[in-house]
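Asker: Chains D and S, in that order, give the protein sequences. For the first sequence, the residue numbers in the working numbering are 57 to 169. For the second sequence, the residue numbers in the working numbering are 494 to 606.
Because the hints were derived from the structure by calculation, they are not lab data. Predicted, not measured: the structure shown is a model, and the values here were computed from it. Every residue, glycine too, gets a C-beta built ideally from N, C-alpha and C. Among the clues, some could well be false.
To be verified - Ranges of calculated distance between the beta carbons of each label pair, as one might list FRET restraints:
#: 1; chain 1: S; residue 1: T594; chain 2: D; residue 2: L67; range: 21 to 27 Å
#: 2; chain 1: S; residue 1: R515; chain 2: D; residue 2: S125; range: 31 to 37 Å
#: 3; chain 1: S; residue 1: H566; chain 2: D; residue 2: S130; range: 34 to 40 Å
#: 4; chain 1: S; residue 1: A590; chain 2: D; residue 2: Q58; range: 42 to 48 Å
#: 5; chain 1: D; residue 1: Q137; chain 2: S; residue 2: T594; range: 37 to 43 Å
#: 6; chain 1: S; residue 1: P589; chain 2: D; residue 2: N83; range: 35 to 41 Å
#: 7; chain 1: S; residue 1: R556; chain 2: D; residue 2: S107; range: 35 to 41 Å
#: 8; chain 1: D; residue 1: G72; chain 2: S; residue 2: Q510; range: 33 to 39 Å
Stated by the list, open to error - Partial selection, computed: residues in chain D whose CB lies under 10 Å from chain S:
#: 9; residue: F118
#: 10; residue: F121
#: 11; residue: A126
As the list claims (entries may be wrong) - Simulated pairs of lysine-lysine, BS3-like, Cα-Cα distance not exceeding 30 Å:
#: 12; chain 1: D; residue 1: K124; chain 2: D; residue 2: K112
#: 13; chain 1: D; residue 1: K94; chain 2: D; residue 2: K166
#: 14; chain 1: S; residue 1: K502; chain 2: D; residue 2: K110
#: 15; chain 1: S; residue 1: K550; chain 2: D; residue 2: K166
#: 16; chain 1: D; residue 1: K112; chain 2: S; residue 2: K502
#: 17; chain 1: D; residue 1: K127; chain 2: S; residue 2: K502
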Amino acid sequence: DQQVKQNSPSLSVQEGRISILNCDYTNSMFDYFLWYKKYPAEGPTFLISISSIKDKNEDGRFTVFLNKSAKHLSLHIVPSQPGDSAVYFCAASAFPGTYKYIFGTGTRLKVLA
Amino acid sequence: DSGVTQTPKHLITATGQRVTLRCSPRSGDLSVYWYQQSLDQGLQFLIQYYNGEERAKGNILERFSAQQFPDLHSELNLSSLELGDSALYFCASSGPATQETQYFGPGTRLLVL
Chain D
57 DQQVKQNSPS
67 LSVQEGRISI
77 LNCDYTNSMF
87 DYFLWYKKYP
97 AEGPTFLISI
107 SSIKDKNEDG
117 RFTVFLNKSA
127 KHLSLHIVPS
137 QPGDSAVYFC
147 AASAFPGTYK
157 YIFGTGTRLK
167 VLA
Chain S
494 DSGVTQTPKH
504 LITATGQRVT
514 LRCSPRSGDL
524 SVYWYQQSLD
534 QGLQFLIQYY
544 NGEERAKGNI
554 LERFSAQQFP
564 DLHSELNLSS
574 LELGDSALYF
584 CASSGPATQE
594 TQYFGPGTRL
604 LVL
């Protein structure tokens, strides 16, 4: 049973436009969420996080929105740049003190120049 | 560069064999996490160590074991290898002040023939 789902395996966006990556979860006990970016042949790189007590967190071009009632979070990248082309994973944790994260299967973003 | 190192980068071995993957966390980080990423899958949490003690366990097979040494480096031992164990194995670490954010190493690609 996939508790964290990224239903879009891939997404293409024009440079300068907004990229929206989506993530759905099923476990209402999840209380902390992160987004990671992964380039080929590298480990995932932390991008941005959000706690369940918030509904939005911004860091530069990256904003994460959390809708707890819908069990949905999204990552907005504005404006998108060719260097943003990578696989994006969302992850969730319901295990305070251990941070045992459940990862989605990833969305491959391609930003077209 | 996340500061987390993993060796070796690539490993090719045969079924039934045993291998050891090594991880050095970022300086000052006490927690080490191991993840497995099979083809087209998300990262699957295997196990977490905190300052030498096992803290959390995920879907880790009995054929797999791990430990964290006094110098905080960690090793993941995989034995009686099967074809299905071929995957990317990532190590991540987190610090005492920012435990919720995990920093990943570049991974070890294991191929079992």
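Asker: Give a verdict on every hint.
Answerer: Comparing the hints with the structure gives:
{"no.": "1", "hint": "S:T594 / D:L67: 21 to 27 Å", "in the structure": "holds (25 Å)"}
{"no.": "2", "hint": "S:R515 / D:S125: 31 to 37 Å", "in the structure": "violated (44 Å)"}
{"no.": "3", "hint": "S:H566 / D:S130: 34 to 40 Å", "in the structure": "holds (37 Å)"}
{"no.": "4", "hint": "S:A590 / D:Q58: 42 to 48 Å", "in the structure": "violated (32 Å)"}
{"no.": "5", "hint": "D:Q137 / S:T594: 37 to 43 Å", "in the structure": "violated (23 Å)"}
{"no.": "6", "hint": "S:P589 / D:N83: 35 to 41 Å", "in the structure": "violated (27 Å)"}
{"no.": "7", "hint": "S:R556 / D:S107: 35 to 41 Å", "in the structure": "holds (36 Å)"}
{"no.": "8", "hint": "D:G72 / S:Q510: 33 to 39 Å", "in the structure": "violated (51 Å)"}
{"no.": "9", "hint": "F118", "in the structure": "violated (14 Å)"}
{"no.": "10", "hint": "F121", "in the structure": "violated (19 Å)"}
{"no.": "11", "hint": "A126", "in the structure": "violated (21 Å)"}
{"no.": "12", "hint": "D:K124 / D:K112", "in the structure": "holds (11 Å)"}
{"no.": "13", "hint": "D:K94 / D:K166", "in the structure": "holds (12 Å)"}
{"no.": "14", "hint": "S:K502 / D:K110", "in the structure": "violated (39 Å)"}
{"no.": "15", "hint": "S:K550 / D:K166", "in the structure": "violated (35 Å)"}
{"no.": "16", "hint": "D:K112 / S:K502", "in the structure": "violated (37 Å)"}
{"no.": "17", "hint": "D:K127 / S:K502", "in the structure": "violated (37 Å)"}
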